[in-house]
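Following the hints, complete the assembly by docking chain B onto the known chain A.
Okay, here's what each chain looks like letter by letter:
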Amino acid sequence: MSPIVIILLIIIALILHFIARVDLKNILTLYLLGLILYIFSFTVAEMPPFGHPGNPSFNEVPKRYLEAGPEETGALNITSSIITDYRAFDTLGEATVLFAAIAAALATLKAHRKH
Amino acid sequence: MEDQVVRLTSRLVAPFIQIYGIYIILHGHLSPGGGFSGGAIFGASLILVALSFNLATGVKQISHNAASVLESGGALGFALTGFVAIAMGGNYLANRAAGFPMGESGQLFSAGAILLITIFVGIKVASTITTLFYNIIEKEQ
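Going down the list, the sequences are from chains A and B. Every number in my numbering is 814 more than the matching position in the first sequence, counting from 1. Every number in my numbering is 284 more than the matching position in the second sequence, counting from 1.
I should point out that these hints are in silico values taken from the structure, not numbers from a laboratory. Note that the structure is a prediction, hence the values are computed from the model and not measured. Possibly wrong hints are sitting among the right ones.
To be verified - A partial selection of chain A residues facing chain B, derived with a Cβ cut-off under 8 Å:
1) ALA882
2) PRO884
3) ASP899
4) ALA909
5) LEU912
6) ILE916
What the hints assert, rightly or not - Here are some chain A residues the structure puts well away from chain B; computed CB gaps all over 12 Å:
7) PHE864
8) GLY865
9) THR893
Claimed, not checked - Each pair of labels, with its calculated beta carbon distance range:
10) B:LEU364 to A:THR893: 21 to 29 Å
11) A:THR857 to B:PRO316: 30 to 38 Å
12) A:THR910 to B:ASP287: 34 to 42 Å
13) A:VAL875 to B:LEU364: 25 to 33 Å
14) A:VAL836 to B:ASP287: 46 to 54 Å
15) B:LEU296 to A:VAL836: 54 to 62 Å
16) A:PRO863 to B:ILE420: 37 to 45 Å
17) B:HIS348 to A:PRO863: 50 to 58 Å
Glycine included, every Cβ here is placed at the ideal spot set by N, Cα and C.
Isolated chain A (complex conformation) (with noise of 0.2 Å):
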């Protein structure tokens, strides 16, 4: 950033709270969201395009996927034989989560509760 945005911000800051009477905790806030912003849109910026042939996602695991899918799993359904045959580690680890999510859940509601 050049120095002119830096002293305008210091400018706007201190309007803000001198004359606008805003904390300086609020407005240090607000700078911090609007780095965070400024950095962010430019990581959407690098992003590849959507559905592009030359993105880095198309290579060869996807390929692998559609030409041999439903040869190797037997399943017409794409999706299902990642999920549950090329990637089942990964669906037992969400059903993991899940388990583990209802357990504190209903730990945490029947704590409170007289037996």
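Quick look at chain B alone, frame taken from chain A:
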């Protein structure tokens, strides 16, 4: 809530929703859907009955003990399917490599372990959603 229209409609519609949920679970390897979405639909039908009647009617459909057994059983069955694959000589959660019966592609009973895993996930998701809802709306005693 004492509404005849809502009660009658939900009582008529609930079996069809349940059949649709079971259909989506069983056809997880053939058509869009699977264990998670089918289980959510099945659980939603049980929640609908509990919402339009009352909690006691809902609990009568699936008791707390049955729900917890189904929930643990779903997760356990999923994990055990992986160990069955090891016992049959493949890697953990292997399907064709372990020698599960593949059947003819496109038929209902095909794809080996995928059908089993989808059914277990469906049971687990349906009971989890229902248990969570019942426990949230249960009044403090």
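Hints, verified against the model:
For ALA882 (chain A), the shortest C-beta to C-beta distance to chain B is roughly 11 Å, which exceeds 8 Å, and the interface hint is violated. Annotation: PRO884 (chain A) was flagged as interfacial toward chain B, and the flag holds, the nearest CB pair being 6 Å apart, inside 8 Å. Checking ASP899 (chain A) against chain B by beta carbon gives a least distance of about 5 Å; that is within 8 Å, so the hint holds. Interface hint status for ALA909 (chain A): upheld, as the beta-carbon distance to the closest one in chain B is roughly 5 Å, under 8 Å.
With a least beta-carbon distance of about 6 Å to chain B, the hint placing LEU912 (chain A) at the interface is held under the 8 Å criterion. Because the closest C-beta pair between ILE916 (chain A) and chain B is about 5 Å apart, less than 8 Å, the hint holds. At roughly 21 Å from the closest C-beta of chain B, the C-beta of PHE864 (chain A) stays outside 12 Å, upholding its exclusion from the interface. The Cβ of GLY865 (chain A) lies farther than 12 Å from every Cβ of chain B, with a closest approach of about 20 Å, so its non-interface assignment holds.
For THR893 (chain A), the condition that its CB be more than 12 Å from all CB atoms of chain B is violated, with the nearest at approximately 7 Å. Separation of LEU364 (chain B) from THR893 (chain A) is about 24 Å and conforms to the stated range, judged on CB atoms against 21 to 29 Å. As the Cβ distance of THR857 (chain A) to PRO316 (chain B) is approximately 32 Å, the hint placing it in 30 to 38 Å holds. For THR910 (chain A) and ASP287 (chain B), the Cβ-Cβ distance of about 40 Å falls inside the hinted range of 34 to 42 Å, so the restraint holds.
In this structure, VAL875 (chain A) and LEU364 (chain B) meet the distance hint of 25 to 33 Å, their C-beta atoms being roughly 29 Å apart. Between VAL836 (chain A) and ASP287 (chain B) the C-beta distance comes to about 51 Å, which sits within the given range of 46 to 54 Å. Restraint check, LEU296 (chain B) to VAL836 (chain A): a C-beta distance of roughly 58 Å satisfies the suggested window 54 to 62 Å. About 43 Å separates the C-beta atoms of PRO863 (chain A) and ILE420 (chain B), a value consistent with the hinted range of 37 to 45 Å.
Taken as a hint, the range 50 to 58 Å holds for the pair HIS348 (chain B) and PRO863 (chain A), whose Cβ atoms sit roughly 51 Å apart.
Of the numbered hints listed earlier, those contradicted by the structure are 1, 9.
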